[in-house]
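Protein chains: 2
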Amino acid sequence: MKTIKHAIQDYYAEDLAHCYGCGKNNELGHGFRTGWNGDETLTLYKPQPEHTAIPGFVYGGLLASLIDCHGTGSASLALHRKNGHEPEDGAEPPRFVTAKLEVQYLKPTPQHVELRATGQVEEVHPKKFNVHTEVYAGEELVAKGLVVAAVMPEGFGA
Amino acid sequence: MKTIKHAIQDYYAEDLAHCYGCGKNNELGHGFRTGWNGDETLTLYKPQPEHTAIPGFVYGGLLASLIDCHGTGSASLALHRKNGHEPEDGAEPPRFVTAKLEVQYLKPTPQHVELRATGQVEEVHPKKFNVHTEVYAGEELVAKGLVVAAVMPEGFGA
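Protein sequences, first through last, are from chains W and D. Sequential numbering of the first sequence, starting at 1, is according to the working numbering. Sequential numbering of the second sequence, starting at 1, is according to the working numbering.
Hints are computed from structural coordinates only; laboratory data are not their basis. Please note: incorrect hints may appear among the correct ones.
Put simply, identical chains are the same to the list, so a pair is met inside one copy or across any two.
[Said to hold, decoys possible] Simulated crosslink set (DSBU-like; lysine-lysine; CA at most 30 Å straight-line): (1) Lys-82 to Lys-107; (2) Lys-127 to Lys-107; (3) Lys-144 to Lys-5; (4) Lys-24 to Lys-2.
Computed from a predicted model, the values in this text were never measured in an experiment.
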């Protein structure tokens with residue numbers, strides 16, 4: 001199985017790395033990891049047995065979560081590169097939040113198959129990116145997603 | 001705390017009740033439960049401590065999951081009522097799948113607060129419903145959602 005070598009989530013600041021979807025400091029979370037694959041971004045994930053919609057098929061909420069974190073991670077990769085950095089150079093990457101999430105469910109998603117989310121990042125504003133995602137189960141395109149990702153404001157939530 | 005008395009998910013057919021979001025037969029799942037509240041639908045949920053985005057705030061993927069299952073549950077309630085049934089009369093309700101999910105994240109969602117998803121169901125076709133959802137954390141509107149829900153096809157996924 002291919003793995004993501006330099007996932008952006010591995011380099012998020014320690015106090016911003018508790019995300020249930022993709023935070024390395026969340027032991028109970030999904031642990032989504034997103035890296036570059038050429039000019040596209042890539043997240044790989046094997047759903048757990050409990051992530052069921054009906055027996056044999058993956059829960060749509062898990063696909064939404066995958067697309068969400070893949071989206072903010074992809075936006076972070078893109079802005080980091082624009083700023084002259086790559087994940088492995090040790091600089092702290094920008095952290096994004098999701099303003100909007102859209103998921104189209106195209107086909108029932110079989111369980112026990114690795115999911116592959118591929119992303120293309122479009123800058124729409126210096127602090128706002130659209131991430132267009134396709135999710136494949138094996139060779140089959142099962143979902144499409146759009147994440148509108150915005151740079152996390154200073155003092156987020158304060 | 002208010003609870004949902006006659007959640008539609010309690011009456012889904014046993015072999016369609018394993019959903020990670022809302023299936024009563026999924027011990028590891030969220031257990032979302034959706035019922036009528038007047039002419040609106042209602043799902044209540046208290047996020048678990050691990051459902052974090054950044055410390056103190058709820059993970060957006062959990063909100064997407066809540067909106068997803070609240071949407072299919074609301075569509076099931078609406079079609080069931082149209083067919084002359086209420087959840088507690090023992091008839092098996094129709095089961096829906098999500099064709100499309102949209103979530104707008106309006107504000108950071110504080111943790112340790114019960115979430116309240118309220119839904120309005122719009123029939124767009126005899127087998128297709130739009131469910132418009134608002135999610136409140138306490139009195140604060142934190143997210144808006146749209147689910148396009150379609151009656152689960154016979155032999156789903158076959």
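> Going through the earlier hints one by one, which of them does the structure break, listed in rising order?
Replying inline: none
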